[in-house]
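For reference, the chains in residue letters:
2 protein chains.
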Amino acid sequence: MSAKNNGLSIFALGGLNEIGKNMYAIQYENDIIIIDCGNKFPDESLLGIDLIIPDISYLVENKDKIRALIITHGHEDHIGGTPFFLKKLNVPVYATRFTLGLIELKLKEHKLLRESELVEINPDSNLTFGDIKVDFFKVNHSIPDCLGIVFNTPEGNIVHTGDFKFDLTPANDEYSDIHKMAEIGKRGVLLLLSESTNAERPGLTPSEQMVGEHVEEAFKKATRKVILSTFASNINRVQQVVDACKVTNRKLALLGRSMVNVVQVAMERGYLEVPDGMLIDQDEIDAMDPQNVAILCTGSQGEPMAALSRLSTGSFRGVEVLADDMVIFAAGPIPGNEKGVSKIIDNLFALGAKVIYGSGSSSGMHVSGHGYQEDLKLMLTLMRPKYFIPIHGEYRMLYHHRMLAESVGVEQGNTFIMKNGDVVDIENEVARQTRKIHAGNTYVDGVGVGDVGEIVLRDRKQLSEDGMLVSVLTISKAEGKLVSGPDTISRGFVYGGDSDDLIKNVNRIMTKTTNELLEANETKWNVMKNSIKKSVGQYIFQNTRKKPMILPIIIEI
Amino acid sequence: MSAKNNGLSIFALGGLNEIGKNMYAIQYENDIIIIDCGNKFPDESLLGIDLIIPDISYLVENKDKIRALIITHGHEDHIGGTPFFLKKLNVPVYATRFTLGLIELKLKEHKLLRESELVEINPDSNLTFGDIKVDFFKVNHSIPDCLGIVFNTPEGNIVHTGDFKFDLTPANDEYSDIHKMAEIGKRGVLLLLSESTNAERPGLTPSEQMVGEHVEEAFKKATRKVILSTFASNINRVQQVVDACKVTNRKLALLGRSMVNVVQVAMERGYLEVPDGMLIDQDEIDAMDPQNVAILCTGSQGEPMAALSRLSTGSFRGVEVLADDMVIFAAGPIPGNEKGVSKIIDNLFALGAKVIYGSGSSSGMHVSGHGYQEDLKLMLTLMRPKYFIPIHGEYRMLYHHRMLAESVGVEQGNTFIMKNGDVVDIENEVARQTRKIHAGNTYVDGVGVGDVGEIVLRDRKQLSEDGMLVSVLTISKAEGKLVSGPDTISRGFVYGGDSDDLIKNVNRIMTKTTNELLEANETKWNVMKNSIKKSVGQYIFQNTRKKPMILPIIIEI
Chain Y
110 MSAKNNGLSI
120 FALGGLNEIG
130 KNMYAIQYEN
140 DIIIIDCGNK
150 FPDESLLGID
160 LIIPDISYLV
170 ENKDKIRALI
180 ITHGHEDHIG
190 GTPFFLKKLN
200 VPVYATRFTL
210 GLIELKLKEH
220 KLLRESELVE
230 INPDSNLTFG
240 DIKVDFFKVN
250 HSIPDCLGIV
260 FNTPEGNIVH
270 TGDFKFDLTP
280 ANDEYSDIHK
290 MAEIGKRGVL
300 LLLSESTNAE
310 RPGLTPSEQM
320 VGEHVEEAFK
330 KATRKVILST
340 FASNINRVQQ
350 VVDACKVTNR
360 KLALLGRSMV
370 NVVQVAMERG
380 YLEVPDGMLI
390 DQDEIDAMDP
400 QNVAILCTGS
410 QGEPMAALSR
420 LSTGSFRGVE
430 VLADDMVIFA
440 AGPIPGNEKG
450 VSKIIDNLFA
460 LGAKVIYGSG
470 SSSGMHVSGH
480 GYQEDLKLML
490 TLMRPKYFIP
500 IHGEYRMLYH
510 HRMLAESVGV
520 EQGNTFIMKN
530 GDVVDIENEV
540 ARQTRKIHAG
550 NTYVDGVGVG
560 DVGEIVLRDR
570 KQLSEDGMLV
580 SVLTISKAEG
590 KLVSGPDTIS
600 RGFVYGGDSD
610 DLIKNVNRIM
620 TKTTNELLEA
630 NETKWNVMKN
640 SIKKSVGQYI
650 FQNTRKKPMI
660 LPIIIEI
Chain Z
110 MSAKNNGLSI
120 FALGGLNEIG
130 KNMYAIQYEN
140 DIIIIDCGNK
150 FPDESLLGID
160 LIIPDISYLV
170 ENKDKIRALI
180 ITHGHEDHIG
190 GTPFFLKKLN
200 VPVYATRFTL
210 GLIELKLKEH
220 KLLRESELVE
230 INPDSNLTFG
240 DIKVDFFKVN
250 HSIPDCLGIV
260 FNTPEGNIVH
270 TGDFKFDLTP
280 ANDEYSDIHK
290 MAEIGKRGVL
300 LLLSESTNAE
310 RPGLTPSEQM
320 VGEHVEEAFK
330 KATRKVILST
340 FASNINRVQQ
350 VVDACKVTNR
360 KLALLGRSMV
370 NVVQVAMERG
380 YLEVPDGMLI
390 DQDEIDAMDP
400 QNVAILCTGS
410 QGEPMAALSR
420 LSTGSFRGVE
430 VLADDMVIFA
440 AGPIPGNEKG
450 VSKIIDNLFA
460 LGAKVIYGSG
470 SSSGMHVSGH
480 GYQEDLKLML
490 TLMRPKYFIP
500 IHGEYRMLYH
510 HRMLAESVGV
520 EQGNTFIMKN
530 GDVVDIENEV
540 ARQTRKIHAG
550 NTYVDGVGVG
560 DVGEIVLRDR
570 KQLSEDGMLV
580 SVLTISKAEG
590 KLVSGPDTIS
600 RGFVYGGDSD
610 DLIKNVNRIM
620 TKTTNELLEA
630 NETKWNVMKN
640 SIKKSVGQYI
650 FQNTRKKPMI
660 LPIIIEI
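Protein chains in written order, with my numbering: chain Y, 110 to 666; chain Z, 110 to 666.
The hints are all genuine.
Derived pair list, reagent style DSS-like, types lysine-lysine, alpha-carbon separation capped at 27 Å: (1) Lys656(Y) x Lys570(Z); (2) Lys448(Y) x Lys570(Y); (3) Lys196(Z) x Lys217(Z); (4) Lys463(Y) x Lys528(Z); (5) Lys613(Y) x Lys570(Z).
Simulated from the structure, these hints should not be mistaken for laboratory data.
Being a predicted model, the structure only gives us computed values, none of them experimental.
Based on the provided sequences and hints, a complete structural model is requested.
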């Protein structure tokens, strides 16, 4: 399973057929460069799992070849895996100033900051790793300081776009460097890896400036305090909120740990300008005229423990939402979060608040950071790649991105729709997808990384749906009979009603089965346990249509 | 807790601040009439629960006053609770011919059909219950044979809209009877109860005819077989699929139990016309030219066991989706189902199918059956009610519906935004909301109705997130010491890695705690168990950040 040692190879350990846990790799001979190291949040089928990160066992096996981890930008799905990665692989991390600030917050939390090697880069940086030269170009997205990457290899140039849109009127001068992109395309691009999040959406992404205009308008209309929730990392949107506070003479309070932390990083590093004296503590809110207050908070995705959720249920200590306060959702719900967000909107309306929300950009308070179809076609047109790998998306997004690529001139057959672990090898400017390396999910549960597997998850599923029964039976092998028990307790199973009768019958069946086995001289524990599980399981299913976990515990005296 | 015996009262046992389990009631003196009896599907926090139905204990206490259960239409959120209701309350059920067909399917399944009293009505029926006279008006929705209801009481007229939209070009002549509605409004409406599902959406609902046009166009374009998924109960859409098959010379196969059952009811009762010989069995599909085949199937909401999901993973016995087959989603995902639907779309694209889908009506293959803001305003305008109760919706929908009502002339203060269990009493044409009756959720889990409560759900949650440990300790009170064990087994907790060491340490701590207790002559089981749980729980949390359920079982010999 050692890495191939000649030629140029490209593969992903995360980010293909999924949104999340992005991790791509370029290998030229004995040099591997990793791009991004994200995490992903589990869906409800992964009971009890906190996070998913890429399985990096292939990289661990090849650790002497890894030269660098380059991060395109500071979103969780691109940096969230770094602490777990760096615990196993002490590789230098290259990222821009703002991105590094967010990575440092993470590493501090995991007590890893001191031993990590973090290298600040900017769009003009040039790096060399063996025969690979690396340079960068600035892209626009929904977080400051984003990079696209060019890998100049002896086989040809490979471009990785990072996450991007083309915003011709961005907030905070976060322009895409279209001129440099055009130059790169002119030099010649052998292979393009481009993100696919919005490949299903026609048109061009609306500009971030639109949000600023709507925010200012709403702040002017508001007769009492305004509460706005957005992603903390969207510093350019935060800047527009600050600007609206300036215009409407409001002080600004920050609620939620990540909002406070990220805004601090942004201010310290010069990505956010807040007038002196504008920021106030949450305990100053009450004393002020509501018309002079704004609150910026976390929780736009309906996260139950975040500030907005607690405000909506009246359980945020010291801050209340009152009638005629205005609440603005300046972020659309990510698929899967719709119900949680709706619950919060309902609660806020019930408090008498004026709530401004809407799907997608329909309220004018949110625009996507990911390019729509025309943005993606513009990138493809600028780069004019010979080969194309759509990345960062579920299958249907990669599929649509291939159609877009072909519509602007990428030859049929030159696009590779890949899975995590699939490898494209390039020799003599010819690309082929033939082999695989190991890729997969590593689950983080509590402090455990990778210690929860399929069996544990299957047990949790059974326990979660129908609960369990534990029965203790004491037998005497010498006498060949049950001497005490069964004593049965249940958890997560029926409760009250007829359940006493049910448990009595379970004990009766268990006694009968056990005595029959003992009379037949069957004392192998496995056989006994399985017979008991079977007879009791059948009885319970017939009477309740439920399948609780049944754990007979046999004690021999 | 007995019902109030004078005047007119209105309340809901389900359907307010939720989508689902609709159940409303009108009481005049000693006569109660129930409207609808729906169910609701649980969200993922209700582990293992199959269905939610209204808690009808108030009705059971007042069962001698209940005169009728009237059903507005045959959707699950209006009929899904009937078998459970009729098991407790043998009340005559009034519904139209098609709705009764669907109710009969349910009652057959629950072996309740013979003892139930089902009465067929139509939009021209007149019923009398004590001092309440009831008549009806036809409304258009996404299922045939829908009713709005007028209750003529001595206090005044109360109108319940059922679910509706205004479709001026419906499929199958399912027109709303606007003329009769206008007459009812002219007679005078004291109180209107109107559905609120789409009260947030501006404009007028698009017509069902649009779907028919898009379906026909797609069927003409398709070069191989077409697979279309929609709600089985949307018989007017099914008719349009049948019509498209006729035009394109395709045979039609039905996949999925509810599709087969509902289509059969519709054909038998004259709501669907299918040309002789058009329907084929699924095992005939393979032998036919793919261009002459269409499939109509269940599963448009991503339900994992439904036909479409199984087709998308190649696990539907005997029917395959092949390259260039066309798959049409003729239903938008209901909030909460987006991720399941996306997964199926991804799988279908990966099989090479051409997939037509889209959010809302963007693909032209789906329109809502619930009126948008202009539809709702038209109903309010026709009825000109003095009082208004928005029903059938989450809080923000009821809130917006109130604003719509006020915009067309309902006086401020005359709209009641209520919760399930709130009662509006009307005397001398004055309505007041002052009292409450008991309302709530009843959980159906397997065959158990109402036997799963909060404790069981809390246990399931803990078990689902962190699993459990069961430890058996045998003690001798005589000797005052532990004589065997602890033996600890875990389920749904860590597995492999360091877990052997962890369990060893758990046993060590348990032994120490038990012996200390016994030395101190503490032999109360509760005290012992709690001390063990506490010491072990602390150790496990410190080392894993997990909180499994800990069940010490102490055996005394």
